[in-house]
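J.: Residue 1 is where the sequence shown starts when you use the numbering used here, and the numbers rise one by one after that.
Check the hints yourself; a few may be wrong.
Unchecked claim - Pairwise CB distance ranges, derived in the manner of DEER restraints:
hint: 1; residue 1: Tyr18; residue 2: Lys277; range: 13 to 23 Å
hint: 2; residue 1: Leu270; residue 2: Gln81; range: 13 to 23 Å
hint: 3; residue 1: Asp61; residue 2: Gln81; range: 55 to 65 Å
Derived by calculation from the structure, the hints in this document are not laboratory data. Cβ coordinates follow ideal geometry from the N, Cα and C atoms, glycine included.
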Amino acid sequence: MADAVDVLSEEAKKDTTYWVSEFSGGINFNQASFSDNWKAGGINSVALGSIIAAKAMYKKDRLSWDNEIEFLYGIVKNEGQSTRKSNDRMFFDSKVGYRMSSNWGAFFSLNFLSQFTEGFEYGPNESQTLISDFMAPGFLTSSLGFEYRPNNEFNLRIGPFSPRFTFVNNPDIILAVPSNYGVPAGETTRIEWLAMQIFANYNKDISENFNLKTRYMMFANYETLSMKTIDHRLDVTLTAKITQFINVTLTAISLYDFDQDPGIQVSQALALGILYKVNNKK
């Protein structure tokens, strides 16, 4: 009996080696102040940002299961203005894969994208108009297809069947955003059953102290297919390690979604802060 228990215990310990996980959490702070007689001009300001990112990856024989979350939130307070958001992102991705050859495999994935709090467009005299909120919009996309993974730094997923659910749970959004992010007026959900998604990741340590991470997502609805209706999103993060815990991070986002805006949206931020990272990589 004791031998059987020992065998089960050893098997349980062995199973944990199939998992690789990592976690990182960071806070960055920026502040500027000027005396009343500062002739060069300037506005007193305080900014605070945070990031939480985690991965959990399972791999045994031909089967794999990869999970990733990324939460970003930042605020800025300029003198004479109310506190405003500078960053707000909630991302989750989960993928089950089956390796068919050294570089190719089949997969099924589910990813979710939204934000934590209300977003406003600001006008004169501190006026503000609500243009987004949690789950307004929110995007839930499932995808079935094939994955190309030549190494641990790059992977490309091609999902010819990728239904997407777009949620707008705040009825006030349509007052300022007539397109309602593609959701029909009076409804809270739009379902695009016949669609395709391309999802690519590249994560590389350029040197001992520099890391480059990019994520590209493309979504195309077969029923409304044209160049202007294909959605594109590119996230780029460059991290420079100064000390064990202090980093400089440059983030940039380029987004095109005709249901949101006919133009390309761009966001960029540079921050110095504290980043704690831990993993169980062998």
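J.: If a hint holds in the structure, say so; if it doesn't, say that too.
T.: The hints, checked one at a time:
no. : hint                       : verdict
1   : Tyr18 / Lys277: 13 to 23 Å : 22 Å, holds
2   : Leu270 / Gln81: 13 to 23 Å : 21 Å, holds
3   : Asp61 / Gln81: 55 to 65 Å  : 57 Å, holds
Comparing the model with each numbered hint stated earlier shows that all of them hold.
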